[in-house]
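So you can see what is in the structure, the chains are spelled out below.
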Amino acid sequence: MQVENLAHLDTQILDLLGSLDINYIAIQTLQLAHAQSSPLVAAQIALLQWDVTASCLCVLAADPTFPQDFTADLKFPTAGPIFVPHPTEPALVAALGPGLANQSLFWIPLRQSRPVLAAPPNNEPFPLFEGALLVICSQPWPEGQAQVVLDNLTRLGSYVTTALAKAHEYQRVANEYFKLETMRKTWHQLWFSVEDKQKAIERLLGRNQALHDIGLAINSSLDLKEVLTRIVNETVKMMAVTRGAIALWSEDNQDIRILAEHSTNVPATQNLTEINFSEVAEDNLAGLDDDNQLPGLNFPSEISHEAVHSLRRLLTRYWKLQATGSGSTLITAVRWQKQTLGAIILNHPAPDRSFSKEDHDLLNLIAGQAAVAIENARLFKAVTDERNRSRAILNSIADGVFTTDLDLKITSLNPAALQLTKYAASDLLGRVYAEALGISDRDGKAIIPEASPGFQAIKFRSATEPRIFQIKLANGQSALIALVAAPIADSGDVISGAVGVFRDVTREQEVVRMKDEFVSLVSHELRTPMASVLGFAELILTRKLTESKLNLYVETIHKEAQRLSNLIGDFLDIQRMEDGRQLYNFIEVDFDLVLRPVLDIFTAQRERIEVNVPENLPPLWADPDRIVQTLTNLVSNAIKYSPKGGQVIIVARLNQDNMLEIAVKDFGLGIPQEAQGQLFSKFYRVDNTDRREIGGTGLGLAISREIIEAHGGKIWLDSELGQGSTFTFTLPIKHSGPAQLPGLSEIAQNVSSLTDSRTVLIVEDNVSLGRLIGTYLEEGDFQYELVPSAEQAIQLLDHAEILPATIVLDIGLAGSMDGWDLLIYLKTNPRLAAIPIIISTVQDNKVRGLSLGQAAYLSKPLDTRKLIETINRVTTNQPQRNILVVDDDTNVRQLLKETLTVQDFVVATAASGEQGLKLAAQNRPDVVVLDLMMPRMDGFQVLAHLRSHRETIDIPVIIVSAKELTHSEREYLHNGLAFFLTKSEYTPQRIRQLLEQSVGLAE
Amino acid sequence: MEQPQATILIADDEDALRFLACETLMDDSYQILEAKDGNKALEMAQSQHPTLILLDVAMPGLTGFEVCQLLKGDPATADIIIIMLTAHGQNSDREQAEASGADHFMTKPFSPAQLLRLVEEVLQK
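Here the protein sequences come in this chain order: A and B. Just so you know, we're using the numbering used here here: the first sequence kicks off at 1 and counts up by one. Just so you know, we're using the numbering used here here: the second sequence kicks off at 1 and counts up by one.
Read the hints as simulated data drawn from the structure, not as lab findings. Please note: incorrect hints may appear among the correct ones.
What the hints assert, rightly or not - A few chain B positions that, by computed beta-carbon distances, are all more than 10 Å from chain A: (1) Gln5; (2) Ala6; (3) Glu14; (4) Leu20; (5) Thr24; (6) Ser29; (7) Ala99; (8) Phe105; (9) Arg117.
Stated by the list, open to error - Computed list of lysine to any residue pairs in SDA-like fashion (alpha-carbon distance at most 20 Å, straight line): (10) Lys544/A with Gln114/B; (11) Lys549/A with Ile81/B; (12) Lys549/A with Ile32/B; (13) Lys515/A with Gly815/A; (14) Lys549/A with Asp15/B; (15) Lys734/A with Ala833/A; (16) Lys559/A with Pro109/B; (17) Lys544/A with Ser111/B; (18) Lys559/A with Phe19/B; (19) Lys559/A with Thr77/B; (20) Lys897/A with Lys918/A; (21) Lys640/A with Asp15/B; (22) Lys225/A with Asp385/A; (23) Lys544/A with Arg117/B; (24) Lys866/A with Leu772/A.
Beta carbons: idealized from backbone N, C-alpha and C, even for Gly.
Based on the sequences and whatever the hints tell you, model everything.
Below you can see the structure in the form of structure tokens.
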């Protein structure tokens, strides 16, 4: 009876279970219920659903005659399905109302208490489907018939419950997925509008692949197994056989796995699901390979030969199906579209249990149902994976992301949003985002609610362009953010709220402002002389002039054009220096050789200049041209700012720090105290009428400071208004021993002594970024101290008993000292010089940093892995040093490789310049040992390439060559920061010595 | 046609530009006064009461905007015609010049012929 009933309902039920559309399921349910009851007795049918918010049962779908606003605040007193001939239960009577109360009814409670397919991650509550199927009949039922109908409705009810719960759950996950996907896309848009695309993608893919893989492992098909088990159980019962199983092929068709098994009178096979094809294949059961050995085992044609083979082994081995006495077996393929996923196997001990055509058809239908379940599980899993992936991305990105409802009240936030705003989630959730974050325009003026991106995103149903706003942080400070918003639409394209994505752009905006100011200043400085040049030229062209007047005009034009030209030259100089593109030609030079050309320039004023330089000063380590430029500028200032004449004194001496200290003193106007601090800034001139006649570009002192600091020296002034000024600067003297790059030797000391401490000092004025770096460091098993300014760093270091293992230093610091200033302070202080410094900056000033003795250089945004790697490298005692030898001579390569390998270097070799460049860019060796004379691309070209590419710009290069170098060639190599060793000088000790110098390896 | 000779004050801290303005206006027999900074410009405007001032914006001491504001705010000097000269061409400068009460506005570099035309036009009114 039951089998027949189900067979009657088969197609619709299959349809029902296959659908993920709630409305469709509901309507089908009504039809099916009518099929059970209406042929006998006219009935009104309703499918009810428990509404959590209203806390009552409401109509999900019902016949048109059924009151659509029917609600019931009861849960029917019986747990199971019931037939009530005449409702008397007062609660039920009250709920049904007078019109329905006196009729007989079927009440089938529908309750799904567990997730159907997969448990939601993170222990979230999941919605349970709860409801009832209510069939109200206009006539009384004979008792016996009612029972059959009740059974059939109950069975239908259980399918409907499963289908609805599955559809609900799918809906929920799909909606969440759409929401997350919107968030991810919005974030994507913001990120791509302001970030380096390639980097962003690489970083995300790298990080999320791991999370994704874990997600895959967790979401295994446990729930699919339950669904399939139910199918097998029902099938075995319906078909009146003793056991059944569903087997699935693995994706590569190599394994067969039994996903579900049921037996009524034989004990279930132990661990049957663990069996796979490879095991079975090893069970060499002789004589069972032949198809004819198992009568009754008819494998469907869709199942591949290999699968049949292993399936048969499985059955003979574990179900002990023998040639005789194994009863009857029916096998059907489980197929989805054109693909065979697996098979359903039924077995009965009676050999004469023949399977009819109906049996075959029914099993085919069941197989179809199994295929739908498998496909749904796959779909569900795909959506879940995507959701988890999106969630992982949102949790790991550095940009703040939040969602709101339609009232713009915040409904969720990612960790970065809290980190950026410094609020706790509870401070923000449920509040209108613009109020909660104190959003105003970039100048701090209030904005009307209609202008807020969230409002516009919802109103215009599209993502907004990134705009800059000011927000109030929890700590009372304000920050500038770039914010975009986008509407969140669910799978049905209904907008349910907005997503906002923002990033802190306070620093970027500050840079933009300074740049604007600078451009405006430059434009002013250029336009003023330009106005004279153009104006006088026009007068010459348009007026009749006397010769003396003409001369005067042309002289003025010449003077102003000269000024313009100087200005442009100085401007380019300072740009080059600030960008770190200025290469310095450091050589050993006597101070006399620097002073002489300066005095030659001022021949006309020579009698005013007094020189007080002791004999036997040690030679300088400096770029003589740049020092001449600096000294000329200072002397010229001294003369210009002494309008009434007066002496200018140049003094040089060796100071306590063993630096050469050079002072230029005048007795002129002097500089007011309040102006002294800004004197070295670009275009700064003392605001005094008397000085305006003096001219100059306003860049001289800024350039001088750049030059002196690039040498590792300092420049400062002492002045009193009306008494004159003294400008003093220091320069390093030539160190004893072989030539070396300034600063590099300090790195060598770093590495040796400071491994006992695992504390890293972070100097970063963007505190949230600093903390972020800190958390990266903690993950890398370091501790950290964070200070926001150079001054505080100095204070901390001066009082610290244990010095930090390394310092991660930001360059653009707020306050009077920037990162370069701090770096110079650290490197010139004997107690601190040994601490390795890692520069983290958005500026690209590698060469400058290198010449100042930093240990490593990382550009922002920081790459976590690289940061930890770098810190480990600079703090480790015995780092592994990689050397790349580039030489076309096999013997030389071999010799160097052997010599260096013995000395614990890891050596790679390249036989040509091209190959060398490729390896250098790929492996970033610590040192490149380079031959000059090579065919096609010679060593000079290789060096030029290395120095012009970001990846290789700071790799030290040692030239080993037999070539006799000309002076200009030596200078070229020197400018490329290369060491030089002639092949005749070459000894294993010498090359090691050079390597140690260049990579800073401790002896 | 005999008109009283107009007095023009040229206030600019750049020697070359002051010289250029003087040369541009010289042929028309105006009486030319010169000031090298904002404070001197204000002082001369108050004591000499010129007909017109060519006023540079970026000067040491009082800026051109400040000088203009002070002169226009004082009934005794409010009638002096002020032409503002600036090296910045930004709109904000023009707005600021208008706000400070300047009558006209000229951007460096300027054409002497244009300046001359403007001055003649302004003085004929």
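Mind listing which of the numbered hints don't hold for this structure, in increasing order? Failing hints, ascending: 3, 4, 5, 11 and 19.
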